[in-house]
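**Student:** Sequence:
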Amino acid sequence: MAGAQMTFILWGLVALASTAVATKIPEIEPQPTTDKPNLTKILTLCFAGLIYVGTIALINTIVPVYATASLGMSAFDVGLLITLFVLVRALIFTPLGALSDRVGYRPLILAGLSGASLVFLLLYTASNAVSLTAFLILLALATGSMYPSVLSALSKSGGGVGYLMGIFNLVISIGWGVFPGVGGAIADSFGPTSAFLISGLIGLIAVAVLWKKLPKE
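For the sequence shown, our numbering gives the first residue as 1, with consecutive numbering after it.
No lab work stands behind these hints: they were computed from the structure. Wrong hints could be hidden among the right ones.
Stated by the list, open to error - Straight-line distance between alpha carbons at most 27 Å, and here's what the computed DSS-like set of lysine-lysine pairs gives: (1) Lys156 with Lys216; (2) Lys156 with Lys212; (3) Lys216 with Lys24; (4) Lys24 with Lys212.
To be verified - Pair by pair, the computed Cβ-Cβ distance ranges are: (5) Gly177 with Pro107: 29 to 35 Å; (6) Val103 with Lys213: 37 to 43 Å; (7) Ser131 with Leu87: 18 to 24 Å; (8) Thr7 with Pro107: 21 to 27 Å; (9) Thr19 with Val86: 43 to 49 Å; (10) Thr40 with Ala69: 19 to 25 Å; (11) Leu13 with Ser173: 22 to 28 Å; (12) Ile9 with Ile82: 18 to 24 Å.
Heads up, the beta-carbon is just placed ideally off N, CA and C, and yes, glycines get one too.
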């Protein structure tokens, strides 16, 4: 059996196991809210989420190609690199989410996006596996501060949480669909590292926009 087919089967089994676990989740009585949603705040946070998703999508799309074709890394090494990026980000979600509760979401979103933009500019200079790994760890730390802060702020924007999450996931799903293609087109036209450079510059512009638009708590 081909490796890809085995992967699909394993993930199908994992999905079935997850479904079995989900059936044990206790039901919660719905609590309708009459709070009026703050659309300006919601759209601003969706914009921040879109930039976050663009960062992750570009890493998943461009880094494997760049690492194998330009840096000579094996597919296994690239897989480990992406795994490291995901795990570092996952491990800091909780502590940085707790920090957001204490200091507010605005500083962490702005700091995370600023850091991610600068790291993308550094990725443009990555010339070996060691520097690429170091920069991706820094990028994981930067982006890890954004996601929990955005979701926390979104949940306090008025309106039902399901409604808010629906809008947010609509926006970021568009990002998941669009950014890989755009990043790939840029990489094909100007080279893989050009996508990092352009992303860094766009990120800095986004920081300026969010600095003005993100509400102060």
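**Student:** All hints, please: hold or fail.
**Tutor:** Hint by hint, here is what the structure shows:
no.: 1; hint: Lys156 with Lys216; verdict: holds, 13 Å
no.: 2; hint: Lys156 with Lys212; verdict: holds, 19 Å
no.: 3; hint: Lys216 with Lys24; verdict: violated, 40 Å
no.: 4; hint: Lys24 with Lys212; verdict: violated, 44 Å
no.: 5; hint: Gly177 with Pro107: 29 to 35 Å; verdict: holds, 31 Å
no.: 6; hint: Val103 with Lys213: 37 to 43 Å; verdict: violated, 19 Å
no.: 7; hint: Ser131 with Leu87: 18 to 24 Å; verdict: holds, 20 Å
no.: 8; hint: Thr7 with Pro107: 21 to 27 Å; verdict: violated, 40 Å
no.: 9; hint: Thr19 with Val86: 43 to 49 Å; verdict: violated, 23 Å
no.: 10; hint: Thr40 with Ala69: 19 to 25 Å; verdict: violated, 43 Å
no.: 11; hint: Leu13 with Ser173: 22 to 28 Å; verdict: holds, 26 Å
no.: 12; hint: Ile9 with Ile82: 18 to 24 Å; verdict: holds, 22 Å
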